[in-house]
Every structure is written in structure tokens, then in C-alpha cells.
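J.: Chains A and B, in that order, give the protein sequences.
All letters in the first sequence, in the order written, are residues 1 to 112 by our numbering.
All letters in the second sequence, in the order written, are residues 1 to 115 by our numbering.
Think of the hints as simulated: they come from the structure by calculation, not from any bench.
Be aware that a few hints might be false.
Simulated pairs of lysine-lysine, DSSO-like, Cα-Cα distance not exceeding 27 Å [to be verified]:
#1 A:Lys-5 with A:Lys-17
#2 B:Lys-56 with A:Lys-37
#3 A:Lys-37 with A:Lys-11
#4 A:Lys-38 with A:Lys-11
#5 B:Lys-69 with B:Lys-102
#6 B:Lys-78 with B:Lys-50
#7 A:Lys-37 with A:Lys-5
#8 A:Lys-63 with A:Lys-17
#9 A:Lys-37 with A:Lys-17
#10 B:Lys-114 with B:Lys-78
#11 A:Lys-63 with A:Lys-52
#12 B:Lys-50 with A:Lys-44
#13 A:Lys-63 with B:Lys-102
#14 A:Lys-44 with A:Lys-11
#15 A:Lys-44 with A:Lys-17
#16 A:Lys-5 with A:Lys-52
#17 A:Lys-44 with A:Lys-5
#18 A:Lys-37 with B:Lys-50
#19 B:Lys-56 with A:Lys-38
#20 B:Lys-102 with A:Lys-52
#21 B:Lys-102 with B:Lys-114
#22 B:Lys-102 with A:Lys-44
#23 A:Lys-5 with B:Lys-56
#24 A:Lys-37 with A:Lys-52
#25 B:Lys-102 with A:Lys-5
#26 B:Lys-56 with B:Lys-114
#27 A:Lys-5 with A:Lys-38
#28 A:Lys-37 with A:Lys-63
#29 B:Lys-114 with A:Lys-44
#30 B:Lys-56 with A:Lys-17
#31 A:Lys-63 with A:Lys-11
#32 A:Lys-63 with A:Lys-44
#33 B:Lys-69 with B:Lys-114
Output of the computed footprint for chain B on chain A, the stretches with three or more beta carbons under 8 Å from beta carbons of chain B [to be verified]:
#34 31-43
#35 100-111
From a predicted model like this one, the values you see are computed outputs, not experimental measurements.
Yeah, the Cβ is synthetic: ideal placement off N, Cα and C, and Gly gets one too.
The residues making up each chain are set out below.
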Amino acid sequence: DTTVKQNPRYKLARVGKPVNLICSQTMNHDTMYWYQKKPNQAPKLLLFYYDKILNREADTFEKFQSSRPNNSFCSLYIGSAGLEYSAMYLCASSRNIAETLYFGSGTRLTVL
Amino acid sequence: GDSVTQTEGLVTLTEGLPVMLNCTYQTIYSNPFLFWYVQHLNESPRLLLKSFTDNKRTEHQGFHATLHKSSSSFHLQKSSAQLSDSALYYCALRGYNTNTGKLTFGDGTVLTVKP
Numbered sequence: 001d002t003t004v005k006q007n008p009r010y011k012l013a014r015v016g017k018p019v020n021l022i023c024s025q026t027m028n029h030d031t032m033y034w035y036q037k038k039p040n041q042a043p044k045l046l047l048f049y050y051d052k053i054l055n056r057e058a059d060t061f062e063k064f065q066s067s068r069p070n071n072s073f074c075s076l077y078i079g080s081a082g083l084e085y086s087a088m089y090l091c092a093s094s095r096n097i098a099e100t101l102y103f104g105s106g107t108r109l110t111v112l
Numbered sequence: 001g002d003s004v005t006q007t008e009g010l011v012t013l014t015e016g017l018p019v020m021l022n023c024t025y026q027t028i029y030s031n032p033f034l035f036w037y038v039q040h041l042n043e044s045p046r047l048l049l050k051s052f053t054d055n056k057r058t059e060h061q062g063f064h065a066t067l068h069k070s071s072s073s074f075h076l077q078k079s080s081a082q083l084s085d086s087a088l089y090y091c092a093l094r095g096y097n098t099n100t101g102k103l104t105f106g107d108g109t110v111l112t113v114k115p
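Isolated chain A, as found in the complex:
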């Protein structure tokens, strides 16, 4: 099974409210990633976990948090959503940092 699962598929949030997105994989991959995708733009890496080590991109460092309580599960947390957070959020995993990424179907977040 090479599936990366994301829940929910669509999420509505209010400005100023927290948002928590969930991702899981059963491939025993050691690396899990979160990308943000806006229309007509390239997917942008927000952060990734290599095993238990969290790496966050410098320009989104303060906007996103994440947790990985076990190898299979990874969440993306927004403490206070703003309109600019509306986007598709793609989770991905890979066997190790150098290997192919497997993507989930994404969660489309709309902030109102």
C-alpha cells in the first residue's frame, strides 16, 4: 500500500481560529512533508519531519507547527488562521530524504 491519507478533504475555518490537518502513512517512511499549494503557483515546502526531527522553512517558520507522535502520523497546525492560509495542503512521505515522495490527495483549506 503506497497510500498517504489526508483528512479532511475539505476544511472551512474562520479567521483567527486554529486549524489542525492530519496525515498518515503505513509505509514506514521515515520522512513526512507538508506542502502548501496555491492556484497557479508551485507547491511550497512548509516543513518536514525526518524521523522525530522537525525542519521548518525559514519564511514560514512562525506560521506553521507540526507534530509527529509516531512514525505513521503527522499533523499540520495553524494557531490563528488568516485569509492568506487558504490553499491546498499536500502531505507527502518518503522512505528517506533522498527517495521518491508519495503524496496524499490534499486538504483544501478555505479561511473565511
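Go by the hints and put chain B onto chain A.
T.: Relative to the frame of chain A, chain B by itself:
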């Protein structure tokens, strides 16, 4: 930093005609990995091709690409487009000697194949 350029945002073709989607890149790494990912409607992006070796053709599912380090290019080609090839195609880059795990994507090219 690294960057990937896909010059065409939208390509429309008639079935049976050849496909060529452009991809060029800039990187500080001398041995980058180059990838093509394809995303069909309502599906997640999946790997189509990847290459690390200069001037070697890599093929999968009728598509092929050759990494040319001299021109920093990794164009995607297919001899005859099919209706089912309609999708969003991303070219992406990763440095070989990196521990960041970062995959840098181009903006993507939407390929539409018409009967």
C-alpha cells in the same frame, strides 16, 4: 537558492501529436536529482520520471526525459499524446548532497489533450 522554470503554463494538443513540456533549472548542486510529477484531476501528484545521470534517457509510461546538465534542462516528451495524458505536470529538483529533503517545484504545466 534552487529554482525550476516551466515556461508553459498551459499546453493544448490534439490527440496523436507529440508532447514536449519544457523544464530548466538552477541549482548550486553539481549532481541534482530531477523529477517529473503528474497530477490528474482529483488525484494526488505521483512520480512519473526521475533522473540523476547526465545525458541518459529515462522512460516510463510512454514518456521520456533526458537530463542535460550542460543546458540545465530536463524536458518531458512523448511521441504521441493520448486523451488520458491530460493532467498537471510538475518538474522538480532536489540536490544530491543535501540533508534538507527539500524538493523544489516548478509552477506546473497543464496539459490538455483534445480529440
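J.: Would you mind marking each hint as holding or not holding in the structure?
T.: Outcome of the hint check:
1. A:Lys-5 with A:Lys-17: 24 Å, holds
2. B:Lys-56 with A:Lys-37: 31 Å, violated
3. A:Lys-37 with A:Lys-11: The given pair, whose Cα atoms are some 15 Å apart, holds under the 27 Å limit.
4. A:Lys-38 with A:Lys-11: Given pair Lys-38 of chain A, Lys-11 of chain A holds - Cα atoms ~15 Å apart, limit 27 Å.
5. B:Lys-69 with B:Lys-102: It holds: about 20 Å lies between the C-alpha atoms, which stays within 27 Å.
6. B:Lys-78 with B:Lys-50: 15 Å, holds
7. A:Lys-37 with A:Lys-5: 17 Å, holds
8. A:Lys-63 with A:Lys-17: Roughly 13 Å between the alpha carbons, so the hint for Lys-63 of chain A and Lys-17 of chain A holds.
9. A:Lys-37 with A:Lys-17: Holds, at about 21 Å.
10. B:Lys-114 with B:Lys-78: Since the Cα atoms of Lys-114 of chain B and Lys-78 of chain B sit roughly 15 Å apart, the hinted pair holds (cutoff 27 Å).
11. A:Lys-63 with A:Lys-52: Roughly 20 Å separates the two Cα atoms, so the pair holds.
12. B:Lys-50 with A:Lys-44: Distance ~19 Å between Lys-50 of chain B and Lys-44 of chain A Cα, so the pair holds.
13. A:Lys-63 with B:Lys-102: Holds. Lys-63 of chain A to Lys-102 of chain B sits at ~18 Å (cutoff 27 Å).
14. A:Lys-44 with A:Lys-11: 19 Å, holds
15. A:Lys-44 with A:Lys-17: 23 Å, holds
16. A:Lys-5 with A:Lys-52: Given pair Lys-5 of chain A, Lys-52 of chain A holds - Cα atoms ~20 Å apart, limit 27 Å.
17. A:Lys-44 with A:Lys-5: 19 Å, holds
18. A:Lys-37 with B:Lys-50: With Cα atoms ~22 Å apart, Lys-37 of chain A and Lys-50 of chain B stay inside 27 Å; holds.
19. B:Lys-56 with A:Lys-38: Status violated; Cα separation ~33 Å.
20. B:Lys-102 with A:Lys-52: Measuring from Cα to Cα gives roughly 17 Å; hence the hint holds.
21. B:Lys-102 with B:Lys-114: Violated. Lys-102 of chain B to Lys-114 of chain B sits at ~35 Å, over the 27 Å cutoff.
22. B:Lys-102 with A:Lys-44: Since the Cα atoms of Lys-102 of chain B and Lys-44 of chain A sit roughly 10 Å apart, the hinted pair holds (cutoff 27 Å).
23. A:Lys-5 with B:Lys-56: 34 Å, violated
24. A:Lys-37 with A:Lys-52: With Cα atoms ~25 Å apart, Lys-37 of chain A and Lys-52 of chain A stay inside 27 Å; holds.
25. B:Lys-102 with A:Lys-5: Holds. Lys-102 of chain B to Lys-5 of chain A sits at ~21 Å (cutoff 27 Å).
26. B:Lys-56 with B:Lys-114: Given pair Lys-56 of chain B, Lys-114 of chain B is violated - Cα atoms ~31 Å apart, limit 27 Å.
27. A:Lys-5 with A:Lys-38: At roughly 20 Å apart (the allowed maximum being 27 Å), Lys-38 of chain A and Lys-5 of chain A satisfy the hint.
28. A:Lys-37 with A:Lys-63: 15 Å, holds
29. B:Lys-114 with A:Lys-44: Roughly 30 Å separates the two Cα atoms, so the pair is violated.
30. B:Lys-56 with A:Lys-17: 51 Å, violated
31. A:Lys-63 with A:Lys-11: 18 Å, holds
32. A:Lys-63 with A:Lys-44: 14 Å, holds
33. B:Lys-69 with B:Lys-114: 33 Å, violated
34. 31-43: holds (count 6)
35. 100-111: holds (count 7)
Checked against the numbered hints above, the structure violates hints 2, 19, 21, 23, 26, 29, 30, 33; every other hint is satisfied.
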